[in-house]
Amino acid sequence: MPTADLRRVCALNFTRSLAYTSILFLLPLQFVRIGFNGWQIGLIVSLLSIAPLLAAFPTGWVNDRFSIAGAIRAAFLADAFLLAILAVTTSFPAVCAAFFLLGAANNILDVSLASLVYKDQTAMDQNRKYGLYVFWNGFGAVFGVAGGGLLVQASDFRIMLFLFGGVMLLAAAFVRPFEAGKFHLTGLRDYGRSVLRRKSLLFVVFVFFLGLHWAVEGTVYAPFLEKRFGLDTWASALYMAAGLLFLPIGALAIGRRKFGLAANRKLILAAMALSGGGLILMTFGGVYISLAFRLIHDFGDGAAGVLIALYTSRLFEKQSIGGSAALVLAVQILAKMLGAMILTPLGFRYGLQWPFWVAGGLLLADAVYGAVIFKRIEY
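Under this note's numbering, the residue at position 371 of the sequence shown is numbered 550, and the numbers go up by one with no gaps.
Keep in mind that a hint or two might mislead.
Stated by the list, open to error - When the alpha-carbon atoms are kept at most 25 Å apart in a straight line, the in silico DSS-like pairs for lysine-lysine are as follows:
1) LYS554 <-> LYS437
2) LYS497 <-> LYS437
3) LYS406 <-> LYS554
4) LYS378 <-> LYS445
5) LYS554 <-> LYS445
6) LYS406 <-> LYS497
To be verified - Computed beta-carbon distance windows for the label pairs:
7) ARG377 <-> GLY409: 26 to 36 Å
8) ARG436 <-> VAL551: 20 to 30 Å
9) PHE260 <-> TYR548: 24 to 34 Å
10) ILE521 <-> ALA276: 43 to 53 Å
11) GLY249 <-> SER270: 44 to 54 Å
12) LEU543 <-> LEU375: 43 to 53 Å
Think of the hints as simulated: they come from the structure by calculation, not from any bench.
Computed from a predicted model, the values in this text were never measured in an experiment.
No residue lacks a Cβ here, since even glycine has one placed at the ideal position from N, Cα and C.
Please take these sequences and the hints and turn them into a complete structure.
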């Protein structure tokens, strides 16, 4: 990918992550304060996943056949409008509708920006390329949560949402055509041949169980910190931002290692083990012990994110990778939605530590599954 294009994609992904992560992590606190209960919060967050389930493949197909820049620009404009809506309403139906559409807009950005990186065929070390991409995504999350928490502490959630909406408008104004976003005549059968192979299906199962734990981040994470450690919004945001800082650090660690199939296979299993173990152990001890294990979890997540993107890029043909990778992402989104609907009520009923324990245990089990499939099949 030309250097200028890669920089622009990383900058746009930073901006997308900045707004989306602040909403995902901090708004559950606002929902609790305005009286939404566990099942309502779980439903709201799951709506961020239902819309992408519908939008992911069509977006990927459009990415394969048409210019990508228009889809990115439209999604940023939609984000700006929806953040403004969330700033002025406390109605449960209105919040549900806004989150549904926000999920679609974010998914269009996620799929389209990833498609640009996947389609690139410029000679570049693959660990470094995907390490940079995931690094800026994670760095955006750090700024979003820390900046959002500071804005809420200094003013309120409305100001945070309006300001991030303005950032989305600014990003839309700077979108230009990309060299990698070229037109291809791609038929629906091409996607079936790509995804319905044994190699692809085994990988899809792996990413499904990885995606289940994302629900915990968006539903019970902030309430857990508030109830378990007595943290206010700003302190919770600092805790989250400190953890999220280790996402790009984990991505950078992978990006600095030279590409190698055997080495990457060991790295992804180690990353999954760190992610799962850290997620479970962050529920024990005092706030600083908890934070230490949270850092371990996020480091593992950042490292795993790079390698998942890299494996996806190697799994599918470039001319159909937009739609094929979108289908893989849809599976992860489905996992997140199911996790939100199952783990959130579990946490609010039996204890907010339970979703972390269950999700962490599934990550560790997924690492064992990955050890088996990656040994038998070369990705």
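To see whether the hints hold, each was checked on the structure:
Of the supplied pair hints, the one linking LYS554 and LYS437 holds, its CA atoms being roughly 20 Å apart against a limit of 25 Å. With a CA separation close to 22 Å, the supplied pair LYS497 and LYS437 stays within the 25 Å bound. Note on LYS406 and LYS554: the hinted pairing is violated, with a Cα-Cα distance of about 42 Å set against a maximum of 25 Å. Under the criterion of a C-alpha separation no larger than 25 Å, the hint pairing LYS378 with LYS445 is consistent with the structure, at around 18 Å.
Between LYS554 and LYS445, the direct Cα distance comes to roughly 10 Å. Compliance with the 25 Å bound is thereby established for this hinted pair. Our distance criterion of 25 Å between C-alpha atoms is broken by LYS406 and LYS497, whose separation comes to about 47 Å. Under the hint 26 to 36 Å, the C-beta atoms of ARG377 and GLY409, about 50 Å apart, miss the expected range. Look at ARG436 against VAL551: about 23 Å separates their beta carbons, and that is inside 20 to 30 Å.
The supplied range of 24 to 34 Å is broken by PHE260 and TYR548, whose beta-carbon atoms lie about 41 Å from each other. The given range of 43 to 53 Å is broken by ILE521 and ALA276, whose C-beta atoms sit roughly 23 Å from each other. With their beta carbons about 32 Å apart, GLY249 and SER270 fall outside the hinted range of 44 to 54 Å. At about 29 Å, the beta-carbon gap between LEU543 and LEU375 misses the expected band of 43 to 53 Å.
The structure shown violates the earlier hints numbered 3, 6, 7, 9, 10, 11, 12.
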